[in-house]
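Asker: The primary structure of each chain is shown beneath.
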Amino acid sequence: MSFSRQLIAGVAALGLIAAACSDDDDGDSAGAGGETEADTGTESSESGETVTIAASVPPTDHGWLGQIAAKAQEAADQWDDVEFRLVEAADADSQASQIQTLINEEPDALVVLPYDGEQLTPVAEQAMEAGIPVINVDRLFASPDAARATILGDNYEIGVKAAEFFAEQLDCEGNVVEIQGIAGISVTQDRTQGFADTIEELCGNGINIVAQQPADFLPDLGLEVMEAILQANDDIDAVYTHDDDMAEGIVAAIENAGREDEMILTGAGGSCAAFDRIEAGGLYAATYLYSPTMAGSAVNMARLIAQGRGFADLVEPEVPSQIVVPPTEVSQDTVADLRDLCFE
Amino acid sequence: MSTSPTEQVSGVGGRADGNGRPPGLAGLALPSRIKLQEYALVGVVLALVVIGAVLKPDTFPTSDNFRAILTQASVVGVLAIGMTFVIATAGIDLSVGSVVAASGVAGGLVVDSGAAAFVGGAIGFGLGLGLVNGTAIAYGKVVPFVATLAMLAIARGLALLMSDKSPISLLGSDGVRWFGTGEIVGVPASIIIFAGIAIGGWILLNRTRYGRHVVAVGGNREAARIAGVPVRRVVFSVYGLSGLLAGLAAVLLSGRLASASPVAGELLELDAIGAAVIGGTSLAGGRATIVGTFLGVMVFAIMFNLLTQLNLATEWQQIVKGAIILGAVLIQRPERI
Amino acid sequence: MTEPILEVRGLVKEYPGVRALAGVDFEVRPGEVHCLVGPNGAGKSTLIKCVSGAVEPTEGQILIDGQPAVTGDPSRALENGVATIYQERDLVEDLTVAQSIFLGHELRRWGLLDRNRMRRETVEILRRLNHEAISPRIHVRDLRPAGQQVVSIARALSRHVRLLIMDEPSAILDDSEIETMFGIVRRLTAEGVGVVYISHRLDEIRRLGDRVTVLTDGRTVASGLPATTPADKLVEHMVGRKVGQLYPERRRGDHKVVLEVRGVRRLPDVKHASFEVRAGEVLGIGGLVGAGRSELLRAVYGVDDREAGEVLVDGRPVPPRRPDRSIAAGLGLAPEDRKSQALLLDWNLIKNVTLADVGRFQRGLIRTRVERAAAEEQLRALHTVPDDGTRMARELSGGNQQKVVLARWLLHQCRVLLLDEPTRGVDVATKAHLYRLIADLADRGLGVVVVSSELEELCGFCTRILVMREGELVAEVDGAEATELELLRHAMPDRQEMLAQTAVPAAAGADAGQEEV
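Residue numbers (the numbering used here), protein chains in the order written: chain Z, 18 to 361; chain A, 1028 to 1364; chain D, 86 to 602.
Read the hints as simulated data drawn from the structure, not as lab findings.
Careful: at least some of the hints might be erroneous.
As the list claims (entries may be wrong) - The calculated lysine-lysine pairs, modelled on DSBU-like cross-linking and capped at a C-alpha distance of 35 angstroms, are:
hint, chain 1, residue 1, chain 2, residue 2
1, D, K516, D, K341
2, Z, K88, A, K1168
3, D, K318, D, K516
4, D, K516, D, K356
5, A, K1192, A, K1348
6, D, K356, A, K1168
Claimed, not checked - Residues of chain D clear of chain A, computed beta-carbon distances all greater than 12 angstroms:
hint, residue
7, E144
8, N215
9, E321
10, D431
11, T439
12, T453
13, Q498
Unchecked claim - Which bits of chain A does chain Z cover? Going by a derived footprint, with three or more residues having C-beta under 8 angstroms, they are:
hint, segment
14, 1068-1077
15, 1090-1100
16, 1279-1286
Because the structure is a prediction, the values reported are computed rather than measured.
Even for Gly, the Cβ is constructed at its ideal location relative to N, Cα and C.
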């Protein structure tokens, strides 16, 4: 290459580097990583500078996940200083690529409910390294470097509470069937572990888990799995399910077999259909709030982080890095009071 | 062209000798490939039943359980019958699972007008989607895999759209629930309907000109055309049939679920295709058997029931399922694909 | 006398239940063309497979250059210089010519493919075969069958062949291409290569061969006869008895016109064709491959569309692109490739026979017993072996498969039968049988059209012969007076007139070196 060409190339390269550097500075001042000046003491509801928030969620093809998307959108809509974009994925692989695309758009914050926390950890770390704070919702990433803040329900606690419920209702004696969600994800593992640990602790060998099968959060699969389990076990005292939507199919199987008086059932999530059944009494005894409103909270958190602010009611100047929402038990006693919180 | 590759120059299986006998079997007529496959499957079914009876003697070999198995099998079964026709033409229908969901939802939207409206709505909607497939494939010359893959996504989207992403409750409609849980002379309605479709399918495939034409199209499209078979019309119709049966399957499923769920039927098409293929219907077209499909459906249904009853962890269930499928196919004579 | 390249002694091959070869003796000298003839199922293919290593013989010896060869191992056979050109092409269509030629023994340099060298050697080999016009870069699928066959031969040459086995090579070639292929064979034998040449066409044996061996029922019934042995003697050896004349008496046909074809056009193959067929006659259509004969039949029948022209059966017009209407009007078509275009090999004979007219047996449901009876009646009338309708079409020999196709149209009682190469791939004895059947059909009042590449057979039994050339019907000749030479002259574009001279049966060794490709 001739000298003049080299010179131009060199200048161009320097120019690019300079531009990249200045971009980074801009990012910093917008509050990425939250290390620069945080505004303490201002009301969260006051408008700050406009920030862009991107959100990535798994396919919102059923109740709970659909509500996640809806609540996130609702939360974003209430702010006039937020530009919001929600992207829905088909599976773990495409979610990773979609997040890549979102990273390239350089939002001020990224809210992610990963299809699978483990599989999406690398791309979340990438976002964090690029200076984009990630807010992890519900399904946990595998590494603390993958998110600036996490909000999730306490899946383990759901298991604990359900176990306590059954221990009390069954007097620590009986056969329990567990119908899980999607096998292998952290949500499932925690809900199962919490239940198993607590049942053992409280009841020892008094309560037997006679069947444990996944039904992928799908009602028709729940129906079929329960039908087979009903055949295999003629004495079931309780059914612990991981999801209200899925439980609809399980309930149908039990009712079709005419065995609704034989057992009680718990769900998780907090769908209004479950609330109706709990109110009516009988088979469906309780559910545990695992509210999709956490997505709305995640968006709010994202806004504050992007603007370099903290929660108004907290003394600390920054948004906490982990918020765990406890699973409120909804049983026949409490269902009326908690009505407002159910989702369709 | 789906016929055999050009004949070997000679040797076993090649040209017959002067007397027309195939060299190698001295006068014995080779039993038809399909019959052997069917016998092999009966063997697999029996083996599963025996294993189940041994492992779970109190809960598996009971009439109650067999009813449960057959009832569950009826949804996939109805789909698989339709799939048999489609595959016989050397086509494939990947959309049936999604069409089941969409048809159920479509029926659910009009269920307030009565159970008959639900049934009509579901079957009609399924038929409609099937005919869209048929049009794209027969007249639009779109490859079946691609056309039905597109419909898989479209139908799922329609199901979610029309239902606003939440299931439509059918608890109030006893008429619809009858399809899932009702009985006729002590036999669950689902099973009777499945049996009826299977018998009807067998008659249609084996004893009518239409059935002959369907298999001819898959066996040798060019030869069928020259022989006067209305190839495009036949191809168009089998997808309509598949869609219609998906609508019927939706009725059976929704009746049992007591709800029309937009997320129902995920991956159901794979079960339907799998049942037909291990039953002996060739993916290359030209060979189809309803009896084989029925047996294939039973293999899957019995397997699911047994593995769930045994409370086998999912990972093992997957492996066992795969092994049984492989076994069922290997027992049969090696076929050219 | 030099030692034979190939010697086969007492070769026996048994499959469960059948003795495909029951003691065969055979030898090939260097530089000779040794022809192998025999009816279908005689064991020619099995013999070839033993020699090429595809199959392991049960007993007997195979000697190459006097040394016992390792049997049952195709790669060893290839190493010994034995190459086979099969009837059904063994080429992969998507590869280029050079890639095909070196498939399986690619030339390498430092571990990577040496494409330049392969290309150069390809060009060299093709020049040896006088086919340098074929570029090493084009894909096999873009070549005509004749070209693909040249590539197969080139493949054999790329491995330094000493013995070349050719199984019915002329089946897919037209007459000028056959001449070219003969030229290649003569070139090879001049270099000392021995050639085993299997063919049904006795005229080729006369023209190309040095010696001929007849195989029947797995046995050598006559070995090493001179190639000039007259045809009926050979047929006699094959069939074991005296055979009457090959061709039946010529039918005259009456005056009633059953099929009228006016101005049919289907570009690019059929430019303009008009002809008539009368009841009771056998109308032959001859011409070179590529002249458009098959396309003409398909356009007349209606399986392919036509851009112009009319077709009338018994005076009534038949619409294009509606095979069902053509069938209803009384037309029937037996396509060129019976296995891939007419039969459903996985079906039994009954279903194959009734395919064009299933509705006739349906009263609500198909009455299978009536269907079977009707189908078997037709099969018996044509002397199909076996005539058991429950057998699979796949199991039958080529000649009998053709009868199944004919049975289909007879069941339907058609008025005009269009037969495209009906005797292709069929041995001589069965051919005679088929000619008689065709003549019988004419006797029944059908009009029969026969398209054939074997001019000899057209001259043998057709009432009239039309010649098609480059999409047009250029001549009509009375069957009784026609000669092959005359037909050939009409069939060929003028610049190849010279070629016609060399087509006359000449003394073996006529130098065909000046032919242009």
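Asker: Now, for every hint given, state plainly whether the structure supports it.
Answerer: Comparing the hints with the structure gives:
1. K516(D) / K341(D): holds, 28 angstroms
2. K88(Z) / K1168(A): Violated, at about 44 angstroms.
3. K318(D) / K516(D): holds, 16 angstroms
4. K516(D) / K356(D): Within the cut-off at roughly 32 angstroms; holds.
5. K1192(A) / K1348(A): Holds - the C-alpha atoms of K1348(A) and K1192(A) are around 31 angstroms apart, at most 35 angstroms.
6. K356(D) / K1168(A): holds, 29 angstroms
7. E144: Holds, since 17 angstroms exceeds 12 angstroms.
8. N215: For N215(D), whose nearest Cβ neighbour in chain A is about 27 angstroms away, the distance exceeds 12 angstroms, so it holds.
9. E321: holds, 16 angstroms
10. D431: Violated, since 5 angstroms does not exceed 12 angstroms.
11. T439: Not fine: 8 angstroms to the nearest Cβ puts T439(D) too close to chain A.
12. T453: Answer for T453(D): violated, closest chain A Cβ roughly 7 angstroms.
13. Q498: holds, 14 angstroms
14. 1068-1077: violated (count 0)
15. 1090-1100: holds (count 5)
16. 1279-1286: holds (count 5)
In terms of the numbered hints stated before, the structure departs from hints 2, 10, 11, 12 and 14, listed from lowest to highest.
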